[in-house]
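*Asks:* Listed below are the residues making up each chain.
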Amino acid sequence: MFYKSTNDAEIPDHKRGGFALKLLVGLLLLTQVGWIGVHLNLVARELINPWKLGGYAMYTVPHYAPLTHVFLLDDKSQKWFELVRRRHLFNSFQFDRRNFLHIFRCRALSKESIVAFMDENQHLLYRPLVLALSEKLFTRKPINVNREFYTKVQIAWAGKTLFGYQGEICGKSFEGKVVYHAPT
Amino acid sequence: MSVNSDRPGLFALAYAGPLSNERLEFYLRLALATAILSVAFEIVMDLESNLRTERYYLVAPTIGLVLSCILVLFERTGRVGVGLFAVSIFVYVAAKWAAFYNHGYLAVWTIPVAFVFGEAWWKSELYRWYLRATLGIVMLAACAQKLLAGTYLDGSFITFLSLHGSTTEQMFGFLCGPDAVNNSCLWHRFIGTFIVIWQAVVGILLLIGVRSLLFLFVEITFLLGAGLYADEMNFQVLNIALLCIAFGYGMRPWLCMICVPLLLIDAYSISGLIDHVL
Numbered sequence: 001m002f003y004k005s006t007n008d009a010e011i012p013d014h015k016r017g018g019f020a021l022k023l024l025v026g027l028l029l030l031t032q033v034g035w036i037g038v039h040l041n042l043v044a045r046e047l048i049n050p051w052k053l054g055g056y057a058m059y060t061v062p063h064y065a066p067l068t069h070v071f072l073l074d075d076k077s078q079k080w081f082e083l084v085r086r087r088h089l090f091n092s093f094q095f096d097r098r099n100f101l102h103i104f105r106c107r108a109l110s111k112e113s114i115v116a117f118m119d120e121n122q123h124l125l126y127r128p129l130v131l132a133l134s135e136k137l138f139t140r141k142p143i144n145v146n147r148e149f150y151t152k153v154q155i156a157w158a159g160k161t162l163f164g165y166q167g168e169i170c171g172k173s174f175e176g177k178v179v180y181h182a183p184t
Numbered sequence: 001m002s003v004n005s006d007r008p009g010l011f012a013l014a015y016a017g018p019l020s021n022e023r024l025e026f027y028l029r030l031a032l033a034t035a036i037l038s039v040a041f042e043i044v045m046d047l048e049s050n051l052r053t054e055r056y057y058l059v060a061p062t063i064g065l066v067l068s069c070i071l072v073l074f075e076r077t078g079r080v081g082v083g084l085f086a087v088s089i090f091v092y093v094a095a096k097w098a099a100f101y102n103h104g105y106l107a108v109w110t111i112p113v114a115f116v117f118g119e120a121w122w123k124s125e126l127y128r129w130y131l132r133a134t135l136g137i138v139m140l141a142a143c144a145q146k147l148l149a150g151t152y153l154d155g156s157f158i159t160f161l162s163l164h165g166s167t168t169e170q171m172f173g174f175l176c177g178p179d180a181v182n183n184s185c186l187w188h189r190f191i192g193t194f195i196v197i198w199q200a201v202v203g204i205l206l207l208i209g210v211r212s213l214l215f216l217f218v219e220i221t222f223l224l225g226a227g228l229y230a231d232e233m234n235f236q237v238l239n240i241a242l243l244c245i246a247f248g249y250g251m252r253p254w255l256c257m258i259c260v261p262l263l264l265i266d267a268y269s270i271s272g273l274i275d276h277v278l
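Those sequence lines, one after another, are chains A and B.
At position 54 of the first sequence (counting the first as 1) the number is 54 in our numbering, and the numbers step up by one without a gap.
At position 87 of the second sequence (counting the first as 1) the number is 87 in our numbering, and the numbers step up by one without a gap.
One thing to keep in mind: the hints can contain errors.
What the hints assert, rightly or not - Computed cross-link-like contacts, DMTMM-like style, restricted to lysine to aspartate or glutamate with a CA-CA straight-line distance of at most 25 Å:
1) A/136 with B/231
2) A/141 with B/48
3) B/96 with A/75
Unchecked claim - Here are a few chain A residues that face chain B, going by a calculated C-beta distance under 7 Å:
4) 19
5) 23
6) 54
7) 101
What the hints assert, rightly or not - Facing chain B, a subset of chain A residues (Cβ under 7 Å, in silico):
8) 25
9) 26
10) 27
11) 29
12) 32
13) 34
14) 37
15) 58
16) 60
17) 100
18) 107
19) 137
20) 140
For the record, the hints were derived by calculation from the structure and aren't laboratory data.
Built from N, CA and C at the ideal position, the CB exists for glycine as well.
Modelling step: build the complete structure from the supplied sequences, incorporating the hints.
*Replies:* So this is what it looks like as structure tokens:
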């Protein structure tokens, strides 16, 4: 009985789908296949996080788990040092959110996201700083994951209302200037 | 094995003779409710972080999802429940599309569609066919992604999980020695290759319309096993629930009694539970 097909399911199809319904179903299936094709292409070109955007590529590689890092220039030694990831030291929630949680690996960090970072971290205003992103990369020899930096953007202030930024991601550089007014 | 076996085995429990149409229809609605529950669980778990980040507008869709889970159970409110789910999930996805889970996306493709199949969507053969085709595409997509990554045929991802995964993910660690860190052993390659082939076969069988109950039970077993291994039950329960509708089998009480507790356990994580006990 377990070989029984359920083709003749006990419940009769009360209303055979009309042409419009069949067309809708067909279009939905085509859209799904199309999206999966696009997703495969983006994953193959390493442009997106495979775990995201509904492409069913989770558990193909470890999650990239991108993280935002902040580096500051020490006034005395003139050396860069990394700020420890603690909420009271810096908050990258809006920065990450406005960069779509970094699922688009090669998308330049947006001006809005950098402004949002400044808004959220007023104690870091007017200081030269570097924002960097890291992700976990899978290696085969040895089989492991290593967290590596893959982009950074340097921010420099000119007075208290203007800052410039310059960075590089996936071999492409980006830059911009922002007239900044700190939220009151 | 006979259905009327004196020994009540799993199969006997699974197939308890012909059902009345009313009962079967309820089981089909219960399957959709379980599918919604698998999504609702994840979203309810996110409620705290949504409140912490002042995304209060996501409270309404969260409540909507939970409510839709109840409404789809009843014949009179089944369609309203699906409609409420559709509105809630679209609001949620619009707000959190970048962070949204893959099983949430699968729910978007599969559950709201039921609305267009009328008051009694569970009677629509076309809807069941759509679910089978969608799940077939999902299986083939997962297979293609694994082939593209190249981490299953060479066993490297199984080895990685065995070495660095959570407690349940390390279950195949004993099959290989310490040398596996540089080169996956034959067993890990075999498991990785088996998973890829299995997904391809299931995808093709679903697409060509195989609806044997044996196939359904084997696939449910595989999904539950994979869920325990990866310590991730939401996606598996969603798949199982949708398969139960697609095969016209419905969410039988014995299966519901397995799936719902697994969702509850998943909230804490199976590895977390094992580590706590040990």
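*Asks:* All hints, please: hold or fail.
*Replies:* Hints, one by one, checked against the model:
At most 25 Å may separate the alpha-carbon atoms for a hinted pair to count; residue 136 of chain A and residue 231 of chain B meet this at roughly 20 Å. Between residue 141 of chain A and residue 48 of chain B, the direct Cα distance comes to roughly 40 Å. Violation of the 25 Å bound is thereby established for this hinted pair. Pair hint residue 96 of chain B plus residue 75 of chain A does not hold up; C-alpha atoms about 40 Å apart against a cutoff of 25 Å. Checking residue 19 of chain A against chain B by beta carbon gives a least distance of about 11 Å; that is not within 7 Å, so the hint is violated.
A cut of 7 Å between beta carbons decides the hint on residue 23 of chain A: the least distance to chain B is about 11 Å, and the hint is violated. For residue 54 of chain A, the suggested interface contact is upheld, since its CB lies about 3 Å from the closest CB of chain B, less than 7 Å. Restraint check, residue 101 of chain A versus chain B: the minimum CB separation of about 5 Å is within 7 Å; hint holds. Because the smallest distance between the Cβ of residue 25 of chain A and any Cβ of chain B comes to about 5 Å, under 7 Å, the interface hint for this residue holds.
With 7 Å as the threshold, the beta carbon of residue 26 of chain A stays out of range of chain B, its nearest partner Cβ sitting at about 9 Å, so the hint is violated. A least Cβ separation of about 11 Å between residue 27 of chain A and chain B goes past the 7 Å threshold, and the interface hint is therefore violated. Checking residue 29 of chain A against chain B by beta carbon gives a least distance of about 6 Å; that is within 7 Å, so the hint holds. The beta carbon of residue 32 of chain A is positioned within 7 Å of a beta carbon in chain B (closest approach about 6 Å), and the interface hint is therefore held.
Violation of the interface hint for residue 34 of chain A is found here, the shortest Cβ-Cβ separation to chain B being roughly 11 Å, above the 7 Å cut-off. Annotation: interface hint on residue 37 of chain A violated; nearest CB of chain B at approximately 9 Å, more than 7 Å. With a least beta-carbon distance of about 6 Å to chain B, the hint placing residue 58 of chain A at the interface is held under the 7 Å criterion. Of the supplied interface hints, the one on residue 60 of chain A holds, with its beta-carbon coming within about 4 Å of a beta-carbon of chain B, less than 7 Å.
Because the smallest distance between the Cβ of residue 100 of chain A and any Cβ of chain B comes to about 4 Å, under 7 Å, the interface hint for this residue holds. The beta carbon of residue 107 of chain A is not positioned within 7 Å of any beta carbon in chain B (closest approach about 11 Å), and the interface hint is therefore violated. At about 12 Å, the closest approach between the beta carbon of residue 137 of chain A and any beta carbon in chain B exceeds 7 Å, and the interface hint on this residue is violated. Below 7 Å, beta-carbon pairs count as interface contacts, and residue 140 of chain A has one with chain B at about 5 Å; its hint therefore holds.
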